[in-house]
Every structure is written in C-alpha cells, then in structure tokens.
Amino acid sequence: MRVTDFVKNNLTVLDGGTGTLLQQSGLVPGELPERWNISHPNVITEIHKAYFDAGSNIVCTDTFGANCLKFDERELDEIICAAVKNAKDARDKSTGGQQKFIALDIGPTGKLLKPYGDFDFDSAVECFARTVKAGVKYGVDLIFIETMNDSYETKAAVLAAKENSDLPVFVSNAYSDDGKLMTGASPAAVIAMLEGLGADAIGINCSLGPKQLKGVVEEYLKYSSLPVILKPNAGLPKSVEGKTVYDVTPDEFAEDMLKYAQSGIRILGGCCGTTPEYILKTCERVKEIKPKPITDKGLTMVSSYTHAVVFGDSPVLIGERINPTGKKLFKQALRDNDIDYILNEGLKQQEKGVHILDVNVGLPEIDEVQMLKKVCFELQAIIDLPLQIDTADINAMESALRRYNGKAMINSLNGKEKVMSEVFPLVKKYGGLAVCLTLDENGIPETAEQRVEIARKIIATAEKYGIEKKNLIFDTLTMTISADTRCAVETLKALNTIKNELKCRTVLGVSNVSFGLPCRDVLNGAFFSLALENGLSAAIMNPNSNEMMKSYYAFKALKNLDGNCAEYIENIEKTAYCDIPPRKSTDNGIRENNGDGEAGRTQLQNAIAKGLKDKAAAITKELLESTDALEIVKTQIIPALDSVGKKFENKTLYLPQLLMSAEAAQAAFEKIKAKLSESKTKSVGRGKFIIATVRGDIHDIGKNIVKLIMENYGFEVYDLGKDVPPQTIVDEAVRLNAPIVGLSALMTTTVPSMAQTIKLLREKAPWVKVIVGGAVLTKEYADSIGADYYAKDAMETVRYSLEITEN
Amino acid sequence: MPENVILLKKYDGSMLNPVNEKEVWRYAGYFGKGINVSGELKEILRLVEGELADRLSLRVCFRRMPITREEDMPVMPFHCKSKNLASCIKDSDEVIIFAATVGIEADRYIARYQKLSPLRALVAQAYSAERIEALCDKFCQEIETELKEENLCATKRFSPGYGDLPLETQTEIFKLLDCSRKIGVSLNDSLLMSPSKSVTAVFGVKKP
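Going line by line, the protein sequences match chains W and Z.
Its first residue numbered 257, the first sequence is counted upward by one per residue in the numbering used here.
Its first residue numbered 260, the second sequence is counted upward by one per residue in the numbering used here.
Chain W on its own, in the form it takes in the complex (with noise of 0.2 Å):
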C-alpha cells in the first residue's frame, strides 16, 4: 500500500526524537549522529523498532544531516545505505501489528541560501538531490523534509524530491514563537508554495511545545487542502542532574495531541525530546478517534517569501509598471543592464500600495531567460511582494518559476493548444497562478458567449494536467471603447459569467479601454469601478493613476470590504486631489543670500549643501526650461559636491551629511537625465567605471555610498553587485573596455579573492586601474596585493578617478 493511501483513511502515526536517545547512548556534543548508522548500527535500529513497537506507522530513517555538505559522496552513499538498512531491520523485527513505513529523513543544510547567504538555490537542489537518489535506490516508501526554517531551502527541497523520485513527498516546517518561519514566512505562504509545488502532506515540527505550536496549528487547518503534519517537541529543555530533560511529559502531551486530532490533524509525531513512550501514549489516546476528513479549501494563492495573497471578495491589484513597452528609459535601462532602475519602479509601486508586482523583462536584443531570472531575483532581494512572471518565452518562464521564492503568477496562457501544452506542465510543476486570456488559434472573439466556451475549454485542459480552477484566473481582454463602443460591454459581460457562473477568479488589464481618447484616467477609473462591481478579482494597473486608486478605496468602502472605513481614509487625501502645478520660481541660477545659506551659492546649490532632496529636484527641473543641463551639471552641481566633498575631507562634515548631499544631487541628476534622454543629447559621461563587492563578500553599504558618489560626479558607473567572480568582473572590464574598477572587500577572509580578481584584470586587462577600499583594507595591504590605488573613502576614489580620466 502506498503511504498516501493509508493517510487518505487513516491518522498516521510518526516516529519521536532521536537526538536525546543518542545522547543517552553516548553521542558527543559535534559528532554527527548519521555515523552512527555504519558505527553503531544496533543502536539505530533499536531506537527505530522501540517507534514502531510503540504503534508508529512510519519510521525516518537517522539521515537528517546526511547531505554532500557534510559528507563525502562515498560516506553519504554508505550512510544512506546503512540508515536504511538499520530502519528496514527495525521493521522486520517489530511486533507492531500496524501498517509500517519507512521514510528517508532530509534535514536543513544548514546552509542560508542567496541573496542573504552565500549558497546558490541550484547547488541546493543538487545537494538534496544526491540524498534522494540514494534513498530511492535503497528502497524507503516516502520522503520526509522536515525542520525547514526556510522556504526557499524547503523548495529546493521538494524540487529535488520530484525530480528524482516517484515517491511521496512529505513537507514539514520548523515555525518560531512569533509564528514564522525564520526568514520571515507565515504558514499560509509556505502553505501556498508546497501545495503548488505538489507535496503530498506538509506540516509543522520541532521549536516549540504542542501547546504553543497552537496559533500555526490553526492556520494550517485553515489555509490547507493537503493532510497536515504536527511533530511538536516535548516542550522546552532544562537540565536535572546533568541530564536534558523537557517540560511537557508524555501523558500531556498525549492529551494536546488527541485535541489535535480532532480539530483536524491526520499525521501525528513527536520531536526534540520525545521518545517511545510519548508515541506509544498518543497511540492510545487517539486510536478510538475516527479521522476528520481532509477537505479542498479552494483557495486561489499566491506567496512571496513572506506572505500569501488570497483572491477573495477584496480586490487585488497588481502592478504593470515593470514592463518595457512604450517606456524609453525602461527600455535603456534593460538595454544597459541597470537592475536598479528596475528595482526603484517596483519599490516606488510597492510605496503606492500594490498586492503584486508584474515583471516583464521581454524585449528583442536582450537574453530575457537572464533578465528575468535576475530581475525576480533581485527583486525577491529587497521586496516581499509576490510577482507576476510575464513573459511569453517558455524558457525564460521555467527559469523565473524555478527560482522563485514562493507561488508566482504566471501571465499568460491562453486557449490556444500549443500554448496549453507548454504553459500547463510548468503550473504543475512549480506551482502558480495561471493567468488565462479568453483567446484562442482564431484571435479574441467579439461575444462574451465565445469568451466564455475558451474559459471552458482551458478549465477542462487543465484538469486533464492535474491542475484545479483555483489555480487559473480569467482575463476576459479589455479592447478600446475608441475603436469600437461595445466592446466593453462584452468584456464585462464575459466577467461576470466567469465569476458567477463557472465559480473563477478574474482579472483584466484595465487601462486599454481608453486607449485613444483623451483624459483616459477618467475612463479607467470608471471602467475599473464597472468591472469590480460584475466580479473582478484583480487588476493589472499603474498605481500611480490617482483614479483607479480612488475607484479601488471607495469601492472597498461602499462594499463593506474596509471595516471603518479605515483603509480608505488613511489613503484617500493622497488620491483624492488632482496634482497641483508647482508655484513658479523666479530663480534662474541667480545668487541669493538669504540668511539662511552660505553667500554666493546659488538656490539650487544651496539645497545640494542642505541636503534637500525635492528642493533639489524641482529647481533642477525649472532651470533646465531656461539652462542647459549640462551647463546645470557644470556651473552648480558639481561644484556644490565638490565644496560638500572638501568638507567631508576636512572633517568638518561626516558620512550621513555627505550622503545627504549626494541623495540631493542624484535627485537633480535624475531629472537631467530624463531632459537628456528627451533631447538625445550625449551623456553627462565621464567615462565608465566598474565597481564590485569581490566573491564571498556579502557586504555592500561602502560599495554603494561610492557608486552613488562616482555617479553624482557623471561617471557611468556599472554596478555588479556583490559577491562577484573574479571572472564576471574581468569580462566586463573587457566588454565595456571600462578605464577603471572598484573592488571592494569588508573581511579578511575575502581580500584573497580581491587579490586574485586583480591578478586577472592584470592578464586580461592591463589597462585597467584597479581602486580597492573596504574595512580590512590599508594602503600597505593594498600594494602588496596589486592594486593600483587604495582609497579611504568614496571622495578618494573620485579625486583618483577624475585624476585618471582628466589625463
């Protein structure tokens, strides 16, 4: 029988701990307890035939650390073979007269995968991918991840699973006292990521007590259409008598288990500190209990690593503004590799309030698989929102949703076979939201009648791939009123079929319906408005439109979707009003002194010296009516950085107020950037430079406070992140045939790899002069590893750079 045929009918009895056993038979603080399989072989499987003399249905095997991390790849091929053994032995044994199984145990690596550690998600993969290969060909019924305090870890977890076996795949996760998981994920998140990824039970174990474990308990029997795991410990440790004992004894926790079980847990266990005796005692107690019946939520899900959105009554918007098309900066951007570009216009949507941000990379020259896997990462980095991969090149879609922390949304499939074929394998296999356009091999049909029958032949498609309606969302295709006025009627129409009569959830791209009229903000918001009152789940918009977020608080407001009216008036006012026209100022680059700055700077320079950001930016953008802006970049900006600049080398002035100043200037640069690119004038360009945090270093703030610097005084700079390869940063030295490169290293230990990256330069591109800085660093350190100047801070590095580019 397979395991998930008797968890279907059955609660499933686990095993308990093992550690506090080991310990008792002798185990060393730091000795790895999988040795024990080949060295003391009866040990193991005498704990193992106690759990299943004690009534336990599935045993896990002693292999919770066996990873290639920790062993070598012949002692983890001996020890997986050995712990199987040991547990099949315990098997044979064990009078138990219940169905037993054995399961291959996968732990935590240990290891924080990128972008907050150093270990890569595909080496992470490959890592657990070995152990499962091993306990397949040694023969175990099911896999048992367990102790996971990371979703992106417990992902590349399950990914190898499915990938390398047909077994079961059981999914446990080890939440903290404030009810996540370490890095920050809420049960309904991880909840919504394993579902989509296809485990067959997931759960929680370890940290903390069963009582305690109460508030996770309940948002897995909320959220979960899956059976659901419980393993709490036995309560917390202390010591009597030198020896580790736990608080909750076995009868208690016998009792917090039969609880559990009625209130919906099917597969009950024990860890940290429990032993036979807490297992054989849960036995007794829940063996009258008949199981609760496992019930699909139908929930449609999406995560990030942090949270779950679910599409319910409330509106969902999603943002459209990382998306090229008829963007011209955008596009530069993609072109010049600027991800920071990228990243802002996902941050300043987030600050508007967005659910999900869309992410579409495509356009013609550029590698979108790259792009795309690297925006989503990068993104993934600094903000929690679940995306939307939008893209419509398969290859570049399976490597976002491979990488993604989370369930993504998936934009778009569409009726069209071919399309079908390509996009469903990959929702089955990752997971996701699939978002459906109403379309087909004969183009978008004129009648909601035949949007609707496409809708019908995608759900049946689906189904045929495993995938329920939960999992799509309808996009019933906004055309513009301007080319034909019934349009929208029929788009509408089509929606409230779909959401009324084939139960699904909606969405549409809002802001077409205007296209070609005049004031189209007044359409959309009216449109949006329309389409949320016939059933419109989520919205594909730009939240910088005042009138879809007015449309988007009143109609919470008005649908009782916003208790007390909260939401809408903490947001409202900045919606509420159209923008303003700035009061018109009178200076052009004149001389003031007025008390309040120094005499003879002008307005423009004195907010640079003040730090202020807006001031900054709104004189820039009403000299530029009258001034030259390079004239502006010449005559005021850099000339107010250079007397801020001098200052901070003086001491009279310090890091944060530098900085300060240089957030003001980069506010004026940005909007005489925006005049160049409208004029096709040539850069501010000083010429290139590279700078990077060198390989094994994660630590990026002086990195950056010199990038911002360099920028400020028109070198283009290009940023290649931390944690770089010796060989990245040289082959782009040579790509951009860049004068000179930055390094930056903040750790003893990473100053090796700097020397090393110089050494390269040194072969591939002589040329190049190599600035090093960073904590560790001094002028004596620097020389002996070959750098060509070492700089103390980022004003040292641009009177360097502007020494080198002036000769």
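Calculated directly from the structure, the hints in this document are not laboratory data.
Heads up, some of the hints might be wrong.
Label pairs and their computed distance ranges (CB to CB) [as the list claims (entries may be wrong)]:
(1) Glu-887/W to Arg-305/Z: 33 to 41 Å
(2) Arg-942/W to Arg-285/Z: 27 to 35 Å
(3) Lys-1035/W to Glu-302/Z: 44 to 52 Å
(4) Lys-494/W to Lys-415/Z: 25 to 33 Å
(5) Arg-285/Z to Val-1032/W: 15 to 23 Å
(6) Val-284/W to Arg-328/Z: 42 to 50 Å
Here the structure is a predicted model, which means the values were calculated and not measured.
Using N, Cα and C, we set each Cβ at its ideal position, and we do this for glycine too.
Chain Z: place on chain W using the hints.
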C-alpha cells in the same frame, strides 16, 4: 542555569537599553568630539527606528560548558590556541558560548534602502549595529545575575576575529550551538554570518 544544553532566549526591543544615539552616529561615520547632528539626520534615525524596531527578532542561543586545562592552556570545547582568550579566562573552569542576532529583517530593510536612499541604509545599518551590541549587553547582564545566585561571575566576552582568536573558530562554535536551527543564523564560506547583524562570543565563568 543548566549545563551542556543549548538554551534559547528571546527578547522584546523594549527589554533592551534605549538606543544610544551617540553610538549609532559613531557607527555611521561621525567621529570627532562634540558633534552636532542635524535635525534632519535625527529625523532619519527616528524614521528608521520607527520602521525597523518592531521588525527585529532578537534572539540568543547559548551553552554552558566545562573546560579543563593542559599545562597553562585551557582545553576548550573547540580548538583554540588563543593566548588572549586563555588569559581572559585563566581563572575559569567553565565557559558560556553564545550567538546573538537581530534577525534577517534588518538585512532586508538595509538592502531595500540601498536602492531607495543610501543615507537611510547607512543609518539603518548603524542602528542595527548598535542594537546587536545592546542585545549582547542585555544577555550578558542577565547571565551575570543568574551566575550571582551560584556565587559566580563572568569574565569579559571574547569574539572570533578578536585579538588572536581566529575567525575560523566560528565553524566550531556554529556546530556547538546549532545556530542555524536554533536562531536562524548561518555561516557562509567566507565565515560571514547571515543575518549580518549577528555576534558570537565566549566568556569565562569564575569565582568573584
């Protein structure tokens, strides 16, 4: 306090000393004496504190372990030839090893503001650095109180990378404390800790 068990402590921000602004500004690059921090900058610190304070997850895991001696050098639970540490704990028969962190949200906040405002990122980084020190102080102060009941006291604390205690010691400390599982701190190949605002340290337990 039990011996040889990995124990956990969790703190609420309000349990720590209030933010020492002078320290924050020192971490942010303000040296020199009698500096006047401008109102705008103070405002940024208040903003950072307002947004970040509640997101910090202040945790410590620790373990009390006996040590022996060979000739004049202590035999620690980890390999150690550090003379500085040896002299620091010369009167101790036990040590307490601990790891503390303010959690990953500080890193996320800093990374986010790297893109939006490097100034705010700098202040956030200085603020978090000050908080992790305050956390270590609070923890050590509590241990000091607990030890007093046993008529014992603690030596000053010592971290890998400090004096002649090599950074490589981190690897062993991480094994002894199971940091990744207990408080979500992991070590990368360059021996950097993630979350970055984390500290490991060891101190001796001795008679007063």
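Hints, one by one, checked against the model:
1. Glu-887/W to Arg-305/Z: 33 to 41 Å: With Cβ atoms ~39 Å apart, the hint holds.
2. Arg-942/W to Arg-285/Z: 27 to 35 Å: holds (34 Å)
3. Lys-1035/W to Glu-302/Z: 44 to 52 Å: Cβ of Lys-1035/W to Cβ of Glu-302/Z: about 37 Å, so the range 44 to 52 Å is violated.
4. Lys-494/W to Lys-415/Z: 25 to 33 Å: holds (28 Å)
5. Arg-285/Z to Val-1032/W: 15 to 23 Å: Holds, since Arg-285/Z and Val-1032/W (Cβ atoms, about 19 Å apart) stay within the stated range.
6. Val-284/W to Arg-328/Z: 42 to 50 Å: Since the Cβ atoms of Val-284/W and Arg-328/Z sit about 20 Å apart, the hinted range of 42 to 50 Å is violated.
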